[in-house]
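J.: Just so you know, the protein sequences line up as chains A and B, in that order.
Sequential numbering of the first sequence, starting at 1, is according to our numbering.
Sequential numbering of the second sequence, starting at 56, is according to our numbering.
It is worth saying that the hints were derived from the structure and are not from the lab.
Warning: the hint list may mix true and false statements.
Unchecked claim - A few chain B residues that don't get close to chain A, going by computed Cβ distances all over 12 Å:
| id | residue |
| --- | --- |
| 1 | G125 |
| 2 | G154 |
| 3 | Q179 |
| 4 | A193 |
| 5 | H197 |
| 6 | W215 |
| 7 | R296 |
| 8 | K302 |
| 9 | Q322 |
| 10 | E324 |
| 11 | A331 |
| 12 | G335 |
| 13 | L336 |
| 14 | A352 |
Said to hold, decoys possible - To spell it out: a stretch of chain A is covered by chain B in this simulated footprint if at least three of its residues, at any positions, have a beta carbon under 8 Å from a beta carbon of chain B; those stretches are:
| id | stretch |
| --- | --- |
| 15 | 18 to 31 |
| 16 | 36 to 46 |
Since this is a predicted model, take the numbers as computed values, not measurements.
Glycine included, every Cβ here is placed at the ideal spot set by N, Cα and C.
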Amino acid sequence: MAEDSPKGKKQTVEVEFDQQQDVILKRLREDGRYGTTDAEIIRNAFREFRRQTRM
Amino acid sequence: MPQYGPKREDIILQPVSGKALPVYMGEVLRIIQVDGGQCVDFNAFNLHDYKEYLGVSNTRSYHGFRPKKGDIVWSVHSRNRPMYIILEMPETCFTDLLGGRCKAGNHYPEGFTPEGYGIHTNCQDTFAASIGEYDLTADDVHDSFNMWMNTEWDSTGQYWINRNTGRKGDYVDLLAMFDTLAVPIVCGSGDTGITSNYSFKPLQIQVFEKSAETEELVKSYEAKSGRGQRKLQHFKVKEIRTERGLKRNPNYVPEFVNFPIRTRRIQVELNEEEYAALQGLQKIGLAKDDGEALRYAFFRWYHRNHRPMPLSGKIRQS
Numbered sequence: 001m002a003e004d005s006p007k008g009k010k011q012t013v014e015v016e017f018d019q020q021q022d023v024i025l026k027r028l029r030e031d032g033r034y035g036t037t038d039a040e041i042i043r044n045a046f047r048e049f050r051r052q053t054r055m
Numbered sequence: 056m057p058q059y060g061p062k063r064e065d066i067i068l069q070p071v072s073g074k075a076l077p078v079y080m081g082e083v084l085r086i087i088q089v090d091g092g093q094c095v096d097f098n099a100f101n102l103h104d105y106k107e108y109l110g111v112s113n114t115r116s117y118h119g120f121r122p123k124k125g126d127i128v129w130s131v132h133s134r135n136r137p138m139y140i141i142l143e144m145p146e147t148c149f150t151d152l153l154g155g156r157c158k159a160g161n162h163y164p165e166g167f168t169p170e171g172y173g174i175h176t177n178c179q180d181t182f183a184a185s186i187g188e189y190d191l192t193a194d195d196v197h198d199s200f201n202m203w204m205n206t207e208w209d210s211t212g213q214y215w216i217n218r219n220t221g222r223k224g225d226y227v228d229l230l231a232m233f234d235t236l237a238v239p240i241v242c243g244s245g246d247t248g249i250t251s252n253y254s255f256k257p258l259q260i261q262v263f264e265k266s267a268e269t270e271e272l273v274k275s276y277e278a279k280s281g282r283g284q285r286k287l288q289h290f291k292v293k294e295i296r297t298e299r300g301l302k303r304n305p306n307y308v309p310e311f312v313n314f315p316i317r318t319r320r321i322q323v324e325l326n327e328e329e330y331a332a333l334q335g336l337q338k339i340g341l342a343k344d345d346g347e348a349l350r351y352a353f354f355r356w357y358h359r360n361h362r363p364m365p366l367s368g369k370i371r372q373s
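Kindly produce the complete structure, drawing on both the sequences and the hints.
T.: Written as structure tokens, this is what we have:
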């Protein structure tokens with residue numbers, strides 16, 4: 001999984017998930033590899049997305 | 056290749072004809088090229104509930120445009136059940152899920168009109184004539200699973216038909232997953248079109264009874280691929296209409312899945328560099344705001360890495 005984020009000013013982003021998208025998050029929480037909270041999982045997924053797309 | 060039961064049916068379909076014949080669970084339908092180069096159109100129905108029939112677009116959604124040996128021919132989306140397993144199919148058999156079926160109107164420009172030279176042979180009418188034996192109507196003919204129909208297509212959405220590559224003696228074996236009414240026919244447009252290389256040829260149709268091995272195969276495919284199927288008892292409306300005109304039922308209350316869709320907001324903290332990358336997604340037009348951009352990135356990652364495919368089909372994740 002991605003390393004801890006580099007230092008810098010934090011920005012809070014609000015993202016909406018519907019009840020079906022929530023199921024995906026729930027299953028990833030149960031999986032445990034990507035974090036234990038929704039915010040952690042989404043952040044780690046974003047870091048992986050950036051790494052895989054080199055952006 | 057599994058051992059089949061004894062052969063119980065062996066007929067020749069002369070051009071241009073077809074035959075509706077029961078193929079029961081565990082039985083194998085064999086379609087043989089007598090001379091080669093003949094396009095075969097194929098319809099099929101659940102023998103005990105004709106509203107469940109072969110689903111061309113459902114099959115396409117699992118296997119892409121050209122199902123091949125080892126793939127499943129599915130029933131319609133509403134039932135989503137494995138209907139046949141393609142046990143044998145030579146590489147010379149190009150399959151087609153695009154063309155639907157030919158109809159008399161295709162040949163009107165050539166002069167084959169009721170008022171002109173009479174209508175041309177065509178699959179819609181051949182299917183209708185074949186299924187009439189079971190009191191099904193021309194409206195019950197459905198899109199055809201076409202075998203030895205060499206269509207190609209391009210990214211502009213155009214498609215066309217190439218020379219038929221079927222060889223004499225080629226055959227396709229379809230294992231029935233439940234009791235079916237199978238309707239193989241000789242395609243009716245191949246004499247004036249390249250679909251059958253400008254001449255009609257007969258087809259041979261055989262049915263093999265079930266064996267212990269084919270029954271075992273049915274069970275294994277059912278266990279592997281049958282989970283997503285729907286049965287009549289799942290339907291809110293079960294009765295088949297008998298009147299042709301449609302009238303509104305004022306007492307009907309629809310039950311939409313997961314309706315209404317609800318959302319909740321999740322706050323995610325990003326560092327400066329990450330936030331800049333998120334805005335980059337918006338700059339290239341992939342999202343309208345921060346939240347949409349983050350959701351986009353999340354699901355792109357999820358699809359690429361985690362989304363289970365329903366089957367080992369040919370549908371690629373973009």
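J.: Now tell me, hint by hint, if it's right for this structure.
T.: Here is what the structure says about each hint:
1. G125: Answer for G125(B): holds, closest chain A Cβ roughly 30 Å.
2. G154: holds (35 Å)
3. Q179: Fine: 40 Å to the nearest Cβ keeps Q179(B) off the interface.
4. A193: A193(B) clear of chain A: closest Cβ-Cβ about 40 Å, beyond 12 Å.
5. H197: holds (31 Å)
6. W215: holds (36 Å)
7. R296: holds (32 Å)
8. K302: Check passes; 34 Å lies beyond 12 Å.
9. Q322: The claim is violated: Q322(B) sits with its nearest Cβ about 5 Å from chain A, within 12 Å.
10. E324: violated (5 Å)
11. A331: For A331(B), whose nearest Cβ neighbour in chain A is about 9 Å away, the distance does not exceed 12 Å, so it is violated.
12. G335: violated (6 Å)
13. L336: violated (8 Å)
14. A352: Given that some Cβ of chain A is not farther than 12 Å from that of A352(B), nearest at about 4 Å, it is violated.
15. 18 to 31: It holds: at least three residues are needed, and the stretch 18 to 31 of chain A offers 7 whose Cβ sits within less than 8 Å of chain B.
16. 36 to 46: holds (count 6)
Against the hints set out earlier in the document, violations occur for numbers 9, 10, 11, 12, 13, 14.
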